[in-house]
Amino acid sequence: MINKLVANADIAINDIRDRSTLMLGGFGLCGIPENCITALLKSGVKGLTCISNNAGVDDFGIGLLLQTRQVVKMISSYVGENAEFERQLLSGELEVELLPQGTLAERIRAGGAGIPGFYTPAGVGTEVGAGKEVRNFNGKDYLLESWLRADFSLVKAWKGDTTGNLIYKGTARNFNPMMAAAGKITIAEVEELVPAGSLDPNQVHTPGIYVQRIFQGSNYEKRIEQYTTLD
Amino acid sequence: MALDKIGIAKRIAREIQTGWYINLGIGIPTLVANYIPEGIEVVLQSENGLLGIGPFPSKNQVDPDLINAGKQTVTMLNGSSLFNSAESFGMIRGGHVDLTILGAMEVSEHGDIANWKIPGKMVKGMGGAMDLVASADNIIVAMQHVSRSGVSKLLKKCTLPITGLRCVKKVVTDLAVLEVDPEIGFRLLERAPGVTVDEIVQATEGRLTVEGEVPEMTF
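Chains as they are written, first to last, in the numbering used here: chain A, 1021 to 1251; chain B, 928 to 1146.
For the record, the hints were derived by calculation from the structure and aren't laboratory data. C-beta: ideal position from N, C-alpha, C; glycine also. Check before you lean on any hint, since a few could be wrong.
[Claimed, not checked] Think about it this way: if two alpha-carbon atoms lie no more than 20 Å apart in a straight line, the pair counts; the simulated DMTMM-like pairs of lysine to aspartate or glutamate are:
| id | chain 1 | residue 1 | chain 2 | residue 2 |
| --- | --- | --- | --- | --- |
| 1 | B | Lys1051 | A | Asp1078 |
| 2 | B | Lys986 | A | Glu1245 |
| 3 | A | Lys1160 | B | Glu1110 |
| 4 | B | Lys1051 | A | Glu1106 |
| 5 | B | Lys1051 | A | Glu1245 |
| 6 | B | Lys1048 | A | Glu1106 |
| 7 | B | Lys1051 | A | Glu1147 |
| 8 | B | Lys1044 | A | Glu1241 |
| 9 | B | Lys986 | A | Glu1241 |
| 10 | B | Lys1051 | A | Glu1117 |
| 11 | A | Lys1189 | B | Asp990 |
| 12 | B | Lys1048 | A | Glu1113 |
| 13 | B | Lys1051 | A | Glu1104 |
| 14 | A | Lys1066 | A | Glu1101 |
| 15 | A | Lys1204 | A | Asp1030 |
| 16 | A | Lys1160 | B | Asp1064 |
[What the hints assert, rightly or not] Example chain B residues on the side facing chain A (calculated, C-beta under 8 Å, incomplete):
| id | residue |
| --- | --- |
| 17 | Val989 |
| 18 | Pro991 |
| 19 | Pro1046 |
| 20 | Met1049 |
Taking the hints into account, I'd like the entire structure generated from these sequences.
In structure tokens form, the structure reads like this:
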């Protein structure tokens, strides 16, 4: 089997250049590629376009890359909870494209699946639909949306093997599987790396064909945005 | 007496039928889960990839890899399932979710809804709201009847940026339950206890039909 193992995040991301387009998995802070984000901070790469459902918080996740002004454009569905983001947006330093969450997910899925366009009802009659082709199917209007692809996709999984097969845990799956397929180079970081043959093929969520590099992550913080308990 | 948020949630909970798959928005809609009548079995969908949302966890059950769409820690129930975001919205657009309950800033007499953006204020994004309202056959809006400054939120035409057109089927406010027909406008179904038809008429800017005796809500 092909071995895709790299030693760490710094090596995994070392050919990401200025002005690259990146996809970063996660919903809020759940299932984000923490190690790759730290490595990008260290590398100092600039001018990034980041496609990610959210933009982190001020001091964690993509929010860290905003603090260092490494991001010039975000493509997201929801970007609350981030004061530095707001400041950069209002001052014009940061460009933001907001998309309905399902449209974002499907555009990424389409990118990975080789479907350049599709019609969706989300956003018809709203500012999201401005300038987009509208077509009527069975009496209802739909918007034409196009695929999204990235130079690099940075995904986070629970378990992975040396051939790049991935298994996610809980709701940390979210955008990670579609992003894995939509990146020219997909880098997976995992909490538990195992040899090929150790994962049950029946349970694999992302087949290794989509993953070019994989490494054992470390020091996961897994911050919780809304810690909510019964007690 | 106008209803409080819990009253609105309790009244919406009575709309729910056994066997339904339901997506609850943030705010009052989330409260609805607490008042689903005994014996009614439903499955709650969270658009970040979970069917079968359970109660909030105890402290020793908290799992950072298990959150709802409001980013709160949750648990799973027996029979829960997990999936990715594309599959989740496929479920929503494909019409497999029986009921969507969400909040709104404005609803028009044609069933248009505005709930994602206020010009001049920081834009946070629409999240999944546009996908939900564009797809669901059964949408109930939970909201206050008038704004804090006393302006009706049930309008002829929305003034804020639109989230979706002609999609809201029912509105439950602190004053009333109303049906929305894109051709006819709002139709008054029920009054909050002690609220008069006249008060509701005064608080509704959009076209409102009142027919016969309008009953008080029951819970």
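Results of checking the hints against the structure:
1. B:Lys1051 - A:Asp1078: Holds. B:Lys1051 to A:Asp1078 sits at ~14 Å (cutoff 20 Å).
2. B:Lys986 - A:Glu1245: holds, 15 Å
3. A:Lys1160 - B:Glu1110: holds, 16 Å
4. B:Lys1051 - A:Glu1106: holds, 9 Å
5. B:Lys1051 - A:Glu1245: At roughly 16 Å apart (the allowed maximum being 20 Å), A:Glu1245 and B:Lys1051 satisfy the hint.
6. B:Lys1048 - A:Glu1106: holds, 10 Å
7. B:Lys1051 - A:Glu1147: This hinted pair holds, its Cα atoms lying about 15 Å apart.
8. B:Lys1044 - A:Glu1241: violated, 32 Å
9. B:Lys986 - A:Glu1241: Holds - the C-alpha atoms of A:Glu1241 and B:Lys986 are around 17 Å apart, at most 20 Å.
10. B:Lys1051 - A:Glu1117: Roughly 11 Å separates the two Cα atoms, so the pair holds.
11. A:Lys1189 - B:Asp990: The given pair, whose Cα atoms are some 10 Å apart, holds under the 20 Å limit.
12. B:Lys1048 - A:Glu1113: holds, 18 Å
13. B:Lys1051 - A:Glu1104: holds, 13 Å
14. A:Lys1066 - A:Glu1101: violated, 23 Å
15. A:Lys1204 - A:Asp1030: Distance of about 18 Å is within 20 Å: holds.
16. A:Lys1160 - B:Asp1064: holds, 13 Å
17. Val989: holds, 6 Å
18. Pro991: holds, 4 Å
19. Pro1046: violated, 11 Å
20. Met1049: holds, 5 Å
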